[in-house]
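Novice: Given these sequences and hints, build the entire structure.
Here the protein sequences line up with chains A and E, keeping their order. Note that this note's numbering gives residue 229 to position 229 of the first sequence, counting from 1, and the numbers run on in steps of one. Note that this note's numbering gives residue 488 to position 237 of the second sequence, counting from 1, and the numbers run on in steps of one.
Worth flagging that the hints you see were computed from the coordinates, not collected in a lab. All C-beta atoms, glycine included, are put in the ideal place defined by N, C-alpha and C. Among the hints, erroneous ones may be present.
Stated by the list, open to error - Derived SDA-like pairs: lysine to any residue, alpha-carbon spacing no greater than 20 Å straight-line:
(1) A/K128 / E/R412
(2) A/K128 / E/P439
(3) A/K128 / E/G436
(4) E/K507 / A/S87
(5) E/K507 / E/G495
(6) A/K128 / E/L510
(7) A/K128 / E/R508
(8) E/K507 / A/L126
(9) A/K128 / A/A159
(10) A/K128 / E/I415
(11) E/K507 / E/R268
(12) A/K128 / A/P84
(13) A/K128 / A/G90
(14) A/K128 / E/R513
(15) E/K507 / E/S443
(16) A/K128 / E/N409
(17) E/K507 / A/L83
(18) E/K507 / A/D124
(19) A/K128 / E/K507
(20) E/K507 / A/A125
(21) E/K507 / E/R446
(22) A/K128 / E/P435
(23) A/K128 / E/M438
(24) E/K507 / E/L497
(25) A/K128 / E/T413
Said to hold, decoys possible - Restraint-style ranges between C-beta atoms, simulated for each label pair:
(26) A/G50 / E/G356: 29 to 35 Å
(27) E/L349 / A/D20: 33 to 39 Å
(28) A/A243 / E/R354: 40 to 46 Å
(29) A/R118 / E/V277: 50 to 56 Å
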Amino acid sequence: MELRVEGLTHRYGDTAVLEDVSLEIPAGRIVCIVGPSGCGKSTLLRMLGGLEQPDQGRVLQVGAPPEGSLNPLTFVFQDFALLPWRSVAGNVSLVLEDHAVTGAERAATIADVLGRTRLSDFADALPKQLSGGMKQRVAIARALAVRPAVMLMDEPLSALDAQTRELLMDDLVGLWTRERFTAVYVTHNLAEAVRLGHRVVVLSRRPGRIREIVEIDAPLEGRGDMADIQARLWTLMRDEAAAADAELLHG
Amino acid sequence: MADAKPVPFRGGGFRPRGNRWAGALVFVLLIALIEIGLRQGWISPLTLPMPSAVLTTFGELWESGQLFNHLVPSLTRLAVGAALGASLGIGVGVLIGLFGLIRAGLVPLVAAIFPIPKIALLPLFVIWFGIDEGSKYALIAFGTFTPTVVATYGAVDNVDRTLIRMGQSFGLGWASIVRKIVLPGAMPGILSGLRISLAIAIILLVAAEMLGAEFGIGAYILEAGSLYDLERLFAGVIILSILGVLTSAAIGWIEKRVLRWRV
Numbered sequence: 001m002e003l004r005v006e007g008l009t010h011r012y013g014d015t016a017v018l019e020d021v022s023l024e025i026p027a028g029r030i031v032c033i034v035g036p037s038g039c040g041k042s043t044l045l046r047m048l049g050g051l052e053q054p055d056q057g058r059v060l061q062v063g064a065p066p067e068g069s070l071n072p073l074t075f076v077f078q079d080f081a082l083l084p085w086r087s088v089a090g091n092v093s094l095v096l097e098d099h100a101v102t103g104a105e106r107a108a109t110i111a112d113v114l115g116r117t118r119l120s121d122f123a124d125a126l127p128k129q130l131s132g133g134m135k136q137r138v139a140i141a142r143a144l145a146v147r148p149a150v151m152l153m154d155e156p157l158s159a160l161d162a163q164t165r166e167l168l169m170d171d172l173v174g175l176w177t178r179e180r181f182t183a184v185y186v187t188h189n190l191a192e193a194v195r196l197g198h199r200v201v202v203l204s205r206r207p208g209r210i211r212e213i214v215e216i217d218a219p220l221e222g223r224g225d226m227a228d229i230q231a232r233l234w235t236l237m238r239d240e241a242a243a244a245d246a247e248l249l250h251g
Numbered sequence: 252m253a254d255a256k257p258v259p260f261r262g263g264g265f266r267p268r269g270n271r272w273a274g275a276l277v278f279v280l281l282i283a284l285i286e287i288g289l290r291q292g293w294i295s296p297l298t299l300p301m302p303s304a305v306l307t308t309f310g311e312l313w314e315s316g317q318l319f320n321h322l323v324p325s326l327t328r329l330a331v332g333a334a335l336g337a338s339l340g341i342g343v344g345v346l347i348g349l350f351g352l353i354r355a356g357l358v359p360l361v362a363a364i365f366p367i368p369k370i371a372l373l374p375l376f377v378i379w380f381g382i383d384e385g386s387k388y389a390l391i392a393f394g395t396f397t398p399t400v401v402a403t404y405g406a407v408d409n410v411d412r413t414l415i416r417m418g419q420s421f422g423l424g425w426a427s428i429v430r431k432i433v434l435p436g437a438m439p440g441i442l443s444g445l446r447i448s449l450a451i452a453i454i455l456l457v458a459a460e461m462l463g464a465e466f467g468i469g470a471y472i473l474e475a476g477s478l479y480d481l482e483r484l485f486a487g488v489i490i491l492s493i494l495g496v497l498t499s500a501a502i503g504w505i506e507k508r509v510l511r512w513r514v
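Specialist: Laid out in structure tokens, this is it:
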């Protein structure tokens, strides 16, 4: 299944946040969306997942979601959004309980996704006992459990420290290499974008427009820090970021 | 070389930590002080009953079996009234928390009802529900209802919206979101509201037993009060206090079990 964005425009009151954004998210690839703060990238992601309605334009699903997908468009949130009163396994179970899945199937799915995210030993732990990196792995496991057609990741690593971020990027590359999922990955971190993106969409500052789309052909595994592409992206963004920063200060 | 001295510690404090015996000690000291004062004569025997005499009265109450004659109807009224009021309060509170129209319609009403001393409405309840148990249940239920509503909708408002968005993004049904996300998330606020509601229920119990109750702690206290029998009055008051301590402990126990997930 692919996603197609056509002429998305949105305003909050008097502030235009997105202007005429058109975009294709091809199956089996990771599309990173980068842009200065307040450029509407998270808004765009919420529209992709149907959590918010655009003023103009539309988001289209092209083709049917793969067989067995319980929740085709699945989010991974920046602040993890785990239920603190449920254990790790309980948090994964939550998203399966509303679907017609037998108890045995559910248990098998939970065991499978916790294994893939190396959380099997922590199935009974409560979120408060986990580190930030582990919490986000739980959220990723939960997303995998519903077999999404497209994963919508909203700054998934931004609440984590630098070392944990490195480890989780490796995890994500590993997960993608094993099973090529489609993802839209919003971040303000260019290093993440060049490590994980097959395609990097640069948005301008508010109102967000597509500034440029950069294709990165190198395979995900074994990518270095891609200094040249990072530098190119940074030149594209630098003035916009500075202007966005000043705008917030005067705002 | 310049003087070296340790950096003074200035953290600490602002972290009340309990000592399980401190509470009991305060009670014991206060009672001992009154007993000694009365025996020594620097407290006039007209102002307070002798704690030992109150204890004797309490003992008599126990031995004669009168204690349970009073306690059973009181506890029944408390349980029925508080259960009615609290469950209705939680239900309406959740509705106010979830639906804008219900909120707009009911919040002013609740705000108007809240400050009314429910005792003042007792005659009204007697007309509506009769002089028997009905009016007593109604008074206690009504009194616990309003604080529970206010605590509950406040607690529902405070549920982390990102968790609700998460539920929606995974396609959870409305009922699932309410049952699995909103209610558990609101539980801490609901329980601390219940603490207050139950204390109010005990206060109203005495008020409810002012009218047409032959048995009950409230009736017992009122009878002793009108006879200026301070020993019996205090014996009754002590029962109420114990009731208050017990309900608060019960809520504390529930909190500890249900809210184990809290940081």
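Novice: For each hint, tell me whether it holds in the structure or not.
Specialist: Outcome of the hint check:
Among the hinted pairs, A/K128 with E/R412 is consistent with the structure: their alpha-carbon atoms are about 19 Å apart, no more than 20 Å. This hinted pair checks out: A/K128 and E/P439 have alpha carbons roughly 16 Å apart, not beyond 20 Å. With a C-alpha separation of about 15 Å, the suggested pair A/K128 and E/G436 falls inside the 20 Å cut-off, and the hint holds. For the hint linking E/K507 to A/S87, the alpha-carbon distance of about 17 Å falls within 20 Å, and the restraint holds.
Using a Cα cut-off of 20 Å, the hinted pair E/K507 and E/G495 holds, with the two alpha carbons roughly 18 Å apart. The suggested pairing of A/K128 with E/L510 holds, with an alpha-carbon distance near 12 Å, which does not exceed 20 Å. Taking the CA atoms of A/K128 and E/R508, the gap is near 16 Å; set against the 20 Å cutoff, the hint holds. For the given pair, E/K507 sits about 15 Å from A/L126 by alpha-carbon distance, which is consistent with the 20 Å threshold.
The suggested pairing of A/K128 with A/A159 holds, with an alpha-carbon distance near 15 Å, which does not exceed 20 Å. For the given pair, A/K128 sits about 19 Å from E/I415 by alpha-carbon distance, which is consistent with the 20 Å threshold. Between E/K507 and E/R268 the alpha-carbon distance is near 16 Å, which keeps this suggested pair within the 20 Å criterion. Restraint check for A/K128 and A/P84: satisfied, since their Cα atoms lie roughly 7 Å apart, inside the 20 Å limit.
Taken as a hint, the A/K128 and A/G90 pair is honoured in the structure, with Cα atoms around 14 Å apart against an allowance of 20 Å. Using a Cα cut-off of 20 Å, the hinted pair A/K128 and E/R513 holds, with the two alpha carbons roughly 8 Å apart. With a C-alpha separation of about 12 Å, the suggested pair E/K507 and E/S443 falls inside the 20 Å cut-off, and the hint holds. At roughly 19 Å between alpha-carbon atoms, A/K128 and E/N409 fall within 20 Å of each other, so this suggested pair holds.
Distance check on the hinted pair: E/K507 and A/L83 sit about 18 Å apart at the alpha-carbon level, within 20 Å; holds. Only pairs whose Cα atoms come within 20 Å are accepted, and E/K507 paired with A/D124 is accepted, the gap being roughly 19 Å. Restraint check for A/K128 and E/K507: satisfied, since their Cα atoms lie roughly 16 Å apart, inside the 20 Å limit. Under the criterion of a C-alpha separation no larger than 20 Å, the hint pairing E/K507 with A/A125 is consistent with the structure, at around 17 Å.
The suggested pairing of E/K507 with E/R446 holds, with an alpha-carbon distance near 14 Å, which does not exceed 20 Å. The suggested pairing of A/K128 with E/P435 holds, with an alpha-carbon distance near 16 Å, which does not exceed 20 Å. As the CA atoms of A/K128 and E/M438 are separated by approximately 17 Å, the hinted pair is consistent with the 20 Å bound. Restraint check: the Cα-Cα separation between E/K507 and E/L497 comes to about 15 Å, which is no more than 20 Å; the hinted pair holds.
A hinted pair counts as satisfied when its Cα atoms are at most 20 Å apart, and A/K128 with E/T413 qualifies at roughly 17 Å. In this structure the hint that A/G50 and E/G356 lie 29 to 35 Å apart at CB holds, the actual value being about 31 Å. Under the hint 33 to 39 Å, the C-beta atoms of E/L349 and A/D20, about 37 Å apart, fit the expected range. The given range of 40 to 46 Å is respected by A/A243 and E/R354, whose C-beta atoms sit roughly 41 Å from each other.
Here the CB-CB span from A/R118 to E/V277 is close to 53 Å, well matched to the stated 50 to 56 Å.
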